[in-house]
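Note that the protein sequences, when read in sequence, are chains G and B. Residue numbers for the first sequence follow my numbering, so the first one is 1 and each next one is one higher. Residue numbers for the second sequence follow my numbering, so the first one is 1 and each next one is one higher.
The hints are simulated quantities; they were obtained by calculation from the structure and are not laboratory data. Incorrect hints may appear among the rest.
These stretches of chain G come out as covered by chain B in the derived footprint (C-beta under 8 Å, 3 or more residues) [what the hints assert, rightly or not]:
#, stretch
1, 25-33
2, 55-69
3, 99-109
The C-beta atom is built at its ideal place from N, Cα and C for all residues, glycine as well.
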Amino acid sequence: DAKTTQPNSMESNEEEPVHLPCNHSTISGTDYIHWYRQLPSQGPEYVIHGLTSNVNNRMASLAIAEDRKSSTLILHRATLRDAAVYYCILRDPGTSGSRLTFGEGTQLTVNP
Amino acid sequence: DGGITQSPKYLFRKEGQNVTLSCEQNLNHDAMYWYRQDPGQGLRLIYYSQIVNDFQKGDIAEGYSVSREKKESFPLTVTSAQKNPTAFYLCASSIEGGGYTEAFFGQGTRLTVV
């Protein structure tokens with residue numbers, strides 16, 4: 001499975017934008033880039049995903065590098081409720097897509 | 001409401017006993033997953049199933065067993081062979097076959113073995 005690399009932790013101030021990076025230099029042409037986040041003592045929740053083009057939804061934006069070897073999750077205005085562990089994972093629509101493998105993620109701290 | 005339900009939320013067992021964790025989904029998803037999470041760590045895949053009556057080992061399957069007799073249910077048994085069973089266990093489901101599909105997670109079961 002292609003792997004992702006994320007910083008262990010990041011810090012932000014409330015109401016400021018947050019850019020969470022993810023490196024995936026061994027990404028294959030068919031891998032989708034997914035982001036999930038996990039609040040303390042809860043199951044992860046889906047945030048956003050993309051393949052090649054940048055994506056926006058009500059929660060966040062996903063910016064994907066032209067060579068697809070890195071991506072950035074953008075929270076436009078961080079709130080205290082955005083403090084969580086953010087996971088960047090790759091999903092292949094082929095057989096390996098069923099594995100859904102997580103890494104260690106980035107712990108985001110939001111300061112009031 | 002559609003979703004994925006894990007029960008119980010907290011579970012205590014004596015060392016040497018087998019224990020079964022429940023996971024039920026009404027999303028009509030083919031794929032289901034079990035993960036283990038230790039404090040301050042990421043999720044590690046235990047078992048996953050793409051279809052009824054079929055499942056595959058994940059990265060840390062030793063000491064665990066599963067069954068998939070019904071599409072909506074994927075129970076996990078933590079056996080006495082699991083050396084360090086105390087952990088947070090998470091179940092998930094997704095539509096099978098699509099790298100573009102999202103996974104839905106339950107709220108987890110916190111197992112403590114004493």
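Taking the hints in turn, this is what the structure says about them:
1. 25-33: With 3 residues in contact (Cβ-Cβ under 8 Å with chain B), the coverage given for the stretch 25-33 of chain G holds.
2. 55-69: n = 0 at 8 Å, threshold three: violated.
3. 99-109: holds (count 7)
Going through the hint list in order, the structure does not satisfy hint 2, though it satisfies all others.
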